[in-house]
Amino acid sequence: MALTDEEVQELQTEVLDIIKEKNEGQTYTTDKSGIEYKVIKEINNTTQAVTVAPIIKGQVDYTQTTIVVAGTQAPGGDINNHVLESGFNAVMARNQLTEQTKDVREFYNQSLSKAKKMAGIGQEVNISNMSGFSQAGPAVAKVAAEMKVQKITNFMDWGAWNSLTKNTADYRGISDEEFDYLNKHLHSYSDQGKDLTSWDGHGGIIPYGKVFTVEGKHHNAGLPKIKGNRPDFEWYVKNSFFCSDMTEKQVREIAKRKAKSAEKFDLSKLETWFDSTDPESYVKEYLEKYGSFAPEPSKQELLTLKRRRIDELHASLKTTTGSQMISLREELVRTSAQAAQLQAEVYEQAIKDKLANAKEGVSQHITELRSAAYTLAHNLSGGEIEGLLSELSFELAWNTGIEAATLSSANSYQKKMTSIAGKLNKAADRIVEIDQKGSQIFGEL
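Take 346 as the starting number for the sequence shown in the working numbering and just add one per residue.
Hints listed in this document are in silico derivations from the structure and should not be mistaken for laboratory results.
Warning: the hint list may mix true and false statements.
[Said to hold, decoys possible] Result set (DSS-like, lysine-lysine): computed pairs, CA atoms no more than 27 angstroms apart in a straight line:
| id | residue 1 | residue 2 |
| --- | --- | --- |
| 1 | K570 | K529 |
| 2 | K609 | K572 |
| 3 | K402 | K367 |
| 4 | K562 | K572 |
| 5 | K572 | K644 |
| 6 | K570 | K644 |
Please put together the full structure from these sequences, using the hints given.
Have a look at this one:
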């Protein structure tokens, strides 16, 4: 198992708080999800990073040990004591793999050793996740590929293109083998506007891994809205923002809203003065900036995604407390309702497809037999041929009554699951209602 991109993002946005507030061996609870982690290792030098493991039912799960590395140190941070060195490394990373890679590699080895010591003899230890922000992105990518880390989640990688450069022995860059590994195990989330990374020497291009680009221009790991291990497409559609991997239907829905919004001219907002009122201009913009449309998923593919999300939610509920647990429970119930509905629809369609294929097979077989019967014409009398052909008819071979009963049964199942899905959604509504009442009660105390 491994943490999701969503869970890693929360750690990435709070990594400096963990360093500031907690010592090694203590526990830290994330702000939004309420997941509790054991702090295994920290570093606050030119490189700033933490290693943590989630606490599940009171037990530290060292098989999900996670390393999170912060980005280039910004001036003014109350624990940023190496701003000049960190900034110098960022400048050098415009031409080669960042020097921070050495620190990340050493921190990985120290973290693994410390985790094994904390876990004790006989306990399985595995660094399942690594994450890097900005300059730390390529460093994490390089080390994680070397160590074959299962899941890598980066944000706004700075100098990613330059990390492929093969320079001196110290700066060999990401090898072809490591590049192939990253394409299978790394997700990177990037702002479309390339707020800072546009200055990294190659316009903020991230050449490795699966890159999710989201609308906006803000060099901050908290910018992307993530659900599980991908962008929260429902959020982006609802709020009329683009992100990569959207279907044409989703893009056109957002494009219509953007065009409609542009009709309401606001003199005080200079940045909106030249917004187009033509939806097609936004569709064209999407294709230019975010790539091609994602294919419309089949119901079977949607069902697979829902089941995967259910597994993720079950895993998150094991480590989550407080109000976030109520939110996750609501999502779990609603997702289960959607899965139940899809499962019934997929089942009914499968029955229809099998019946259609069977009918086609029987019809073809009858045709072949009738053709064979005609070849015997010179050996049979006219009456014998006519009698034989009368038996070779689709109407006699195919039982329409059984077909109708089978279709009726499949449709009844679909209706039953639709009813169950409706009840699950009502249950989710009650979860929200109870949560709201609870909040109101506490607010009145």
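Hints, one by one, checked against the model:
| no. | hint | result |
| --- | --- | --- |
| 1 | K570 <-> K529 | holds (22 angstroms) |
| 2 | K609 <-> K572 | violated (32 angstroms) |
| 3 | K402 <-> K367 | holds (21 angstroms) |
| 4 | K562 <-> K572 | holds (20 angstroms) |
| 5 | K572 <-> K644 | holds (20 angstroms) |
| 6 | K570 <-> K644 | holds (24 angstroms) |
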